[in-house]
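Given chain A's structure and the hints, the job is docking chain B onto it.
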Amino acid sequence: MTTSASPSRSDMRVAVFGASGFVGATLTERLIDAGVDVRAFVNTSGNAWRMARRGIPIRQFDITQGSGIAEALAGCTHVVNCTRGSDLVMLEGLRRLLRGARAAGIRRFVHLSSVAVYGDPPPQAAVSEGAPAEPPRGSYGWLKLQQDLCVERAHAHGLDCVVLCPPNIGGPYSPFFAGLVDDLRRGRFVLLDDGDAPVNVVDVDNLCHAIELALTADQGDGRRIFITDGPKIRWRDLIDALVPLAGRAGPVPSLPLTDTFWSPRAPIVARSSPLRSLLHLLSSDVRAALRKDPMLESIDTTIRSLVARVPLVEAQLRNRVEGPIRVARIGEQGRYTSAFSRQQLRMVAHELGRAESVLGYHPERHFDAALERYARWYRETYILDNPQSQLIADMREMLAVQAD
Amino acid sequence: MNRPFRIGIVGSGAVARLCHVPAVLASPLSALTALVDPVTERARGVARDYGLDPVIAPSLDDVLDKVDGLIIATPNHTHAPLALAAIAAGVPCLVEKPLCIAEAEGQRVCEAADRGNVVVAVGYCLRFNEGVGLVKQMLDEGSLGAVRQFHIQDGSVGGWSPESGYILDRESAGGGVLTVTGSHHLDRILFWFGYPDEVALQHDAAGGPEAHCLATIRYRSRGLRIDGSMLFSKLVRLDAGVAMRTELGTLATGVYGSPVLWRGADRPGVVAELRGVRASRWHPDKTVFQRQLEDFIEACRRQHPPAVTAEAGLQSVRLINELYRGKVAGGATAREETA
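If you're matching them up, the sequences are chains A and B in order. Using numbering that gives the first Met the number 0, you'd call the opening residue of the first sequence number 0 and step up by one each time. Using numbering that gives the first Met the number 0, you'd call the opening residue of the second sequence number 0 and step up by one each time.
The set of hints was computed from the structure by calculation and includes no laboratory data. All figures in this text were calculated on a predicted structure; none of them were measured in a lab. Backbone N, C-alpha and C define an ideal beta-carbon position, used for all residues, glycine too. Misleading hints may appear alongside valid ones.
What the hints assert, rightly or not - To give an idea of the chain B side of the interface with chain A (calculated C-beta under 7 Å), a few residues:
| # | residue |
| --- | --- |
| 1 | Leu-143 |
| 2 | Arg-147 |
| 3 | Gln-148 |
| 4 | Asp-203 |
| 5 | Ala-210 |
| 6 | Leu-260 |
With the rest of the complex left out, here is chain A (with noise of 0.2 Å):
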């Protein structure tokens, strides 16, 4: 498939939802400043203000209501689906979004999955879009995999569908190089043998980009297509390029990646049984909730005090119900508390193969030149250059203090 075929974009008027995000207002920019017709719809206000400083006009809409939706997208022939949320934006807003677009003749969806499906750390094979996706149940990655799922269904009834699943976003705005800056002036930050793994990473222009690609791309085929900006780019290119942003004096820190401190998380959700659920009900967590109503901190109080008559079976009963007492270990690394640390344990690039060839996609902003614009716009944003700036690493320095 190629973009030869590709509708004029003055035919299209595109609905773009979650139009107040991150991805949202950079795109809803976009395409107005291209000429497109942009109908943008947020669910509140108080996350407009992108767009209102330009004066674009916003409608406030709510997918997870059914009312309105036929309204909402009268005229519209495209929708792009950036919205973020909680479950039931996730997962029913999404259904009665697509049960609307079908239902209006939308011509093309664009939905954003998200490289999390494939869980965390992601298995080897995600290479490619094809290897299996096993995300913990309930995690990001899973509520990601079940819209997916839910898009490639719509596909399958006629609604021509685009599933674009970028890795973590850059660029200006972006919170995952905010929060990368903040973590590296603050030291939680650990590079992982000199930062020598793989980032998946990509500029939200280039992002953009591969949106636009996909809303006139010649046919959409409902399954994920990865969108990143290269697969060549390592952590500690990243990080070079963010460090000097973070004010910080030194070398970024740097551990093996043999110490044991790095090992894969546990599973988000233990695994479940009658007998565990029985004796977290008996545990002193919801022991203490209860204990809040009268009647039952005295049912509580009588029951412990006939327990406590029998030393042994009070403390095997404890043991059995609250479990050894556990000492967690406190090693240095506790000091790198930086969320973003584990992520170089994922280890995988994703490649570029079906994005080239169902999109025709390639960055539009090479990596290294995206770093250079954040650069210069976090710079100006945050006034780095300005007088008053030791003034204000002196206040975060002491603020910092405080904190601790």
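Same frame as chain A, but now just chain B:
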């Protein structure tokens, strides 16, 4: 013992629901007797959520004889007209910030309040953080030394979301992030240093309200020589804080009630927390909204000025508008725009 001060709240949006109603209920000095909102169902919803049974009315006129004072918590452009109506009926009011949009209407509020001897307070609630008063006290005592620089910043990705969404409408809000977020901090510097001599504003507005701005503030009279800056954003998170460089050291504090920290120039390796010796006027568990309300009630009962008077509120609006106009040295106008 005084009977509870009967409060009517005009507007039943987010700030009323989340801040003012809890303050009225928490205070032993007050009772909520009326809720006014043209959308009466919204007011009923607030009353229902808190298990209250106040008078619900669509118009201010319907409750003026049922209250001892009003909290005006409506979209910004309605503050001054509602305050004037309350003053005309002799009812004191605590007006959410800003007092007004245009200085002329604020001036009318001040004059009417003076003429009628009616208390008008303005809702710059951050004034009721202990640290703000402590810094003022130390500045007045001269114990910090001469101030050379200050910086204040406060920013979040979006945030406060009024039910009517009016803050994204420049006409209704009176401005963008400078008005919505920054005005609290402008009030703070007016309280600490008085009115500045030169101001300038860089912002990102391009057809709507600004979402990110940098204000430059200079003091060059009354023996002051201070270079200040204020950065406000609705687009990025900023480490919210206040910093001041003086001839004796550096002071830093958070913007929402955190301790006041000091690093003396003679001992740069040590950060100390500053505390006032005098007992606080307020119980530490009282929110700034409860403190503000009780200050207003005491002002009404004792007929003395509240902590933030209508005149102070008008000064703040004047400063906001001068920043928007871009007052610089010599009175020239320069409204810079960031890329």
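Structure-based check of all given hints:
1. Leu-143: Violated, about 14 Å.
2. Arg-147: violated (9 Å)
3. Gln-148: Hint on B:Gln-148: holds, closest Cβ of chain A at ~5 Å, below 7 Å.
4. Asp-203: With a minimum Cβ separation of about 6 Å from chain A (threshold 7 Å), the hint on B:Asp-203 holds.
5. Ala-210: holds (4 Å)
6. Leu-260: holds (5 Å)
Hints 1 and 2, counting from the list given before, are not met by this structure.
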